[in-house]
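1 is the number of the first residue of the sequence shown in my numbering; add one for each residue after it.
Heads up, simulated EDC-like pairs for lysine to aspartate or glutamate below, C-alpha to C-alpha not over 20 Å straight-line:
| hint | residue 1 | residue 2 |
| --- | --- | --- |
| 1 | K175 | E265 |
| 2 | K365 | D295 |
| 3 | K90 | E440 |
| 4 | K329 | E148 |
| 5 | K110 | E357 |
| 6 | K425 | E452 |
| 7 | K419 | E206 |
| 8 | K425 | E398 |
| 9 | K52 | D88 |
| 10 | K375 | E398 |
| 11 | K419 | D444 |
| 12 | K399 | D378 |
Hints listed in this document are in silico derivations from the structure and should not be mistaken for laboratory results.
Note that this is a predicted model, so its numbers are computed, not measured.
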Amino acid sequence: SLEMALCNCLLRVMGGCHSKNLGSRWLRLSPRRLSTQSLSKARDAAKLVERKTQEEYIALEDGVGAHNYHPIPVVLERGLGSVVWDVDGKEYLDFLSAYSAVNQGHCHPKIVGSLVSQAQKLTLTSRAFHNSHLGEFCAFMTALFGFERLLPMNTGVEACETAVKLARKWAYEVKGVPANQGKVIFAEMNFWGRSIAAVSSSSDPESYTNFGPFVPGFESVPYNDLKALERALQDPNVCAFMVEPIQGEAGVVVPDEGYLKGVRELCSKHNVLWIADEVQTGLGRTGKLLCVDHDNVKPDVVVLGKALSGGVLPVSCVMTSSEVMLTIKPGQHGSTYGGNPLACAVAQTAVEVLIEEKMPENAEKLGKILRSELKSLDAEMVTNVRGKGLLTSMTIPEKDGLSAWDFCLMLNERGVLAKPTHGDKVRLAPPLVLTNTQLERALDAISATVREYKSR
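Using the sequences and the accompanying hints, generate a full structural model.
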């Protein structure tokens, strides 16, 4: 196969011996001796062949990379706004936005400009020293979102785990929960990452199977069930309830009207911190700056990530009150890269352009059109259309051996990139800079794909 040929060639370049098992081939490589020659060999391995086809890129990645994702078979090379191009030059509309990390569009010129400008001055100091951007970024964000303190991290899962640590620390030192008895409540079918802590809270077998033992003190209640939540919060050892305002990975599950207001009331009643995981739903994605703004409620803790940098580099943060944040003292939590000057400069610019260019408003307007048009399609082939703003999903039922995966492959052929989640659901989440013309083009492609899917 092409994959095997590439792997064999790679090992000849690197000096390894041949075997049918790629893993054992790598184990037989001799101990690494760094030299100019080894660097040259590594560069040769990266430029293994004159790669001109998508199949060759995919085969190389499959041959030497981990198999922890199952991507749509397209190899992207560049992007601008809502459009991306593959290595063959074919143009696509991006209707996933890197799981809502590219809300501001690919390579937004102001964000890229901020990146380049700061990268030429100073990129990283660690938190061993102060830098000239962290304080400004914290002041900007807390003033904008109405919180007192901000703790910067890099990824969404790091920020969510930070929020959990803060909640436990606050519960022991302020609420008075006995040591090591604190509990954090999550909603079933939550998703906030792949770390051990994250999968410890998961109800999805694919996420947690064969990764135990798990973090203790985590419990779950059904999503969108206030009665179940109230029963759980009656335990005086509960520290916090962490929930997504709309469950993204679960298939864009929108709770009933009034659910988030009920969450706020119950958490206040039982002196429990409400942590809103806005990593995917925040920063304009649902038509408001925060998804909780639809219900006019304020969580105790908000977690942001993904689009916080406009998709340029990993940036996340936790915002909360001084009472909660200052329970963590120096040496108790941190990150080498968290709060670096490059990330702070880029993130502030990313949030500024989001507001200046009225991207949440565009998401609100185009999202309504998108869902209205999807609901007008063949009701046998497209069901359960739901969402807010430009976070939408539709259910594509299995048919004659075909699935939502096949539907996305057909859609890919028509120049629209999307991916299924949880089997039969297709998530549609284009950048918030999407234009009316681009939306019409995407809807034409979806409509044609529905007809093809039905006819097969």
